[in-house]
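Protein chains: 2
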Amino acid sequence: MAEFPFDIQATDGAARTGVLKTARGDIRTPAFMPVGTAGTVKALSVDMVAQTGADIILGNTYHLMLRPGPERLQRLGGLHKFMGWKGPILTDSGGFQVMSLSGISKVTEEAVAFRSHIDGSKHILTPERSIEIQADRIGSDIIMQLDECVSYPAEEARAASAMRLSARWGDRSKAAFGAREHQALFGIQQGSTFEALRRESSERLIETGFDGYAIGGLAVGEGHQAMCDTLDFCAPLLPAHRPRYLMGVGKPIDLVEAVARGVDMFDCVLPTRSGRHGQAWTWEGPLALKNARFAEDETPLDATSDCPASRDYSKAYLHHLVKSEEILGQILLSWHNIAFFQALTAAMRSAIAAGQFEAFRRDFRARHGVDA
Amino acid sequence: MAEFPFDIQATDGAARTGVLKTARGDIRTPAFMPVGTAGTVKALSVDMVAQTGADIILGNTYHLMLRPGPERLQRLGGLHKFMGWKGPILTDSGGFQVMSLSGISKVTEEAVAFRSHIDGSKHILTPERSIEIQADRIGSDIIMQLDECVSYPAEEARAASAMRLSARWGDRSKAAFGAREHQALFGIQQGSTFEALRRESSERLIETGFDGYAIGGLAVGEGHQAMCDTLDFCAPLLPAHRPRYLMGVGKPIDLVEAVARGVDMFDCVLPTRSGRHGQAWTWEGPLALKNARFAEDETPLDATSDCPASRDYSKAYLHHLVKSEEILGQILLSWHNIAFFQALTAAMRSAIAAGQFEAFRRDFRARHGVDA
Numbered sequence: 006m007a008e009f010p011f012d013i014q015a016t017d018g019a020a021r022t023g024v025l026k027t028a029r030g031d032i033r034t035p036a037f038m039p040v041g042t043a044g045t046v047k048a049l050s051v052d053m054v055a056q057t058g059a060d061i062i063l064g065n066t067y068h069l070m071l072r073p074g075p076e077r078l079q080r081l082g083g084l085h086k087f088m089g090w091k092g093p094i095l096t097d098s099g100g101f102q103v104m105s106l107s108g109i110s111k112v113t114e115e116a117v118a119f120r121s122h123i124d125g126s127k128h129i130l131t132p133e134r135s136i137e138i139q140a141d142r143i144g145s146d147i148i149m150q151l152d153e154c155v156s157y158p159a160e161e162a163r164a165a166s167a168m169r170l171s172a173r174w175g176d177r178s179k180a181a182f183g184a185r186e187h188q189a190l191f192g193i194q195q196g197s198t199f200e201a202l203r204r205e206s207s208e209r210l211i212e213t214g215f216d217g218y219a220i221g222g223l224a225v226g227e228g229h230q231a232m233c234d235t236l237d238f239c240a241p242l243l244p245a246h247r248p249r250y251l252m253g254v255g256k257p258i259d260l261v262e263a264v265a266r267g268v269d270m271f272d273c274v275l276p277t278r279s280g281r282h283g284q285a286w287t288w289e290g291p292l293a294l295k296n297a298r299f300a301e302d303e304t305p306l307d308a309t310s311d312c313p314a315s316r317d318y319s320k321a322y323l324h325h326l327v328k329s330e331e332i333l334g335q336i337l338l339s340w341h342n343i344a345f346f347q348a349l350t351a352a353m354r355s356a357i358a359a360g361q362f363e364a365f366r367r368d369f370r371a372r373h374g375v376d377a
Numbered sequence: 006m007a008e009f010p011f012d013i014q015a016t017d018g019a020a021r022t023g024v025l026k027t028a029r030g031d032i033r034t035p036a037f038m039p040v041g042t043a044g045t046v047k048a049l050s051v052d053m054v055a056q057t058g059a060d061i062i063l064g065n066t067y068h069l070m071l072r073p074g075p076e077r078l079q080r081l082g083g084l085h086k087f088m089g090w091k092g093p094i095l096t097d098s099g100g101f102q103v104m105s106l107s108g109i110s111k112v113t114e115e116a117v118a119f120r121s122h123i124d125g126s127k128h129i130l131t132p133e134r135s136i137e138i139q140a141d142r143i144g145s146d147i148i149m150q151l152d153e154c155v156s157y158p159a160e161e162a163r164a165a166s167a168m169r170l171s172a173r174w175g176d177r178s179k180a181a182f183g184a185r186e187h188q189a190l191f192g193i194q195q196g197s198t199f200e201a202l203r204r205e206s207s208e209r210l211i212e213t214g215f216d217g218y219a220i221g222g223l224a225v226g227e228g229h230q231a232m233c234d235t236l237d238f239c240a241p242l243l244p245a246h247r248p249r250y251l252m253g254v255g256k257p258i259d260l261v262e263a264v265a266r267g268v269d270m271f272d273c274v275l276p277t278r279s280g281r282h283g284q285a286w287t288w289e290g291p292l293a294l295k296n297a298r299f300a301e302d303e304t305p306l307d308a309t310s311d312c313p314a315s316r317d318y319s320k321a322y323l324h325h326l327v328k329s330e331e332i333l334g335q336i337l338l339s340w341h342n343i344a345f346f347q348a349l350t351a352a353m354r355s356a357i358a359a360g361q362f363e364a365f366r367r368d369f370r371a372r373h374g375v376d377a
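Protein chains in written order, with our numbering: chain W, 6 to 377; chain S, 6 to 377.
Treat the hints as calculated values from the structure; they're not laboratory data.
It does not matter which identical chain is used: a pair holds within one copy or between any two.
List time: in silico DSS-like cross-link candidates among lysine-lysine, alpha-carbon distance up to 25 Å: (1) 256 / 295; (2) 86 / 26; (3) 328 / 127; (4) 320 / 86; (5) 295 / 86; (6) 127 / 295; (7) 320 / 91; (8) 320 / 256; (9) 179 / 26.
Just chain W, with the same shape it has in the complex (with noise of 0.2 Å):
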């Protein structure tokens, strides 16, 4: 395994906040990274990413391998070169989306195999395939082993098939990554709301051993309450000293919850998709800049972010936009939006540094309930 320190400097409860050291710069957790779909975070420039405080930021090897393809890309010197991205990097496997976007696809033993979403051309994902694409052509810092995941609800029998499919992938992963200095591996927990698949699932992971370790098969259907539940025993089954990544999570709300459950990493579409539809996450919840009420709105949407989008332009100003369709106001809410998760794990990191999470914690589900 790579030499990829995770330095963990205070922990709050099961809260802890820390340093996860990479070849490309540090990631400070709790950490929430935005999705970089195809080669872009969607609507923002990699300089406009930055500015919001993001370390690292997530590619989807789906969308990477059918455009413009792994090979290309490696000819161009790798997705950060690419995009033009400094700090680190983190690929899914593509096996999410191969099965949640591809028309068709079918699991084997061996691979899954899948049609383009775009031409209905044929491919076939290997795990080692997944790791190639990912470590030497995408150039990725953290690559994520292949995995299954089921959907929700799924029996217990499914959801046991697809953990140790998983479980056998994660082996076929660590084979196929080998000895890399300047890359980490990731193995996924998969195992539904299931607890002894989720503890199955992890001494399987442990027994391999992986640079960190991230729950899937979550943020799938069973909404906030049954994921926290998930979460209360599911996170305590990893490693302490290695960083726990609750992939594709999610509302504010979700990661706050989490990071009180022992998660330190994030990442999800929403702050960009919401950004696209007009909705601005804040400190006193989400709020739909359609509406007539912020038509004459002069105020900003935080007055104390460093962020221009947050900063500069009144909530009218974004009303007008977001009512006109214009690209401006996509552009500035999915930007507030970035900044305001980066805000959030900032002062989630600052709370329990301060010993005082819980504290936080509670004046935020106060403000920002569940149903948020």
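Use these hints to put chain S onto chain W, whose structure you have.
Just chain S, lined up with the frame of chain W:
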């Protein structure tokens, strides 16, 4: 009339370079004004626009009067505050877009009546109301008189009556404008491609007296050569000591040829519209980034530019963004194109100051033919 000094610093043939001084800052001429249709230069933040070196932007009265509405805009502090642009703003009168965008419009001696293309609501625009909206509600720095623009080709009698109505509306605009210290009023020459009409129009405008003089009724389908032929006689009819503004123009070659005929100011949606459709304007001509020949082209659009969009991204990446229909593609190409148009006017200013405009023009024509 306001004190709006126009300091012509050098001439080269009919071409001139100078500075038009406004209360909100200097406008270096020849100047290209990016179009901020509905309170935003499409797909760009004001910081991005300012970074290209643009001294002034244009706002569309027609769009702003429909949304957010002139009275609301005034309550919100005017267009500068609303959109965050600190430099000067020129607004059109609304007339051209009433006649081109609105479903139904009817021109009488008194006014133009029309229905909104957004919700079908009825509106009436008089010369006086246009001045009021531009000067008092929007708070524009350079205000255009209401005029009637005929399409091309036009019967001479039709062109004459529209030109004479425009002249009478110019008088009414001047009276409504009154005495204003920090705002300028521009008249608009009409007369289609008819020299006698252009002459009569100019004489009427000069008699009325304006801070600047626009050439209207071109770039309405007559093509590059007919536009140049008309400019040959219509530009010199306007006072040499005041700025001449060719409305709605144009392609880079149009700008160069119009500057050669004594024009000082331009506006056009072309750079942003092209950018949203995958086209980049460069010193070598326009490029369609979607073309497969750019798929592995690692060169930027312009390595010598100060604009990040021109300098920091490969054509291969832009090709990928355009093919993937990513908003960032629209942002970067709009940004690059505005930066290119600013670089073009800056190059013309330097060439005129150095007495080398003819060489510049010859070279530009060779690389950037009229059919580009």
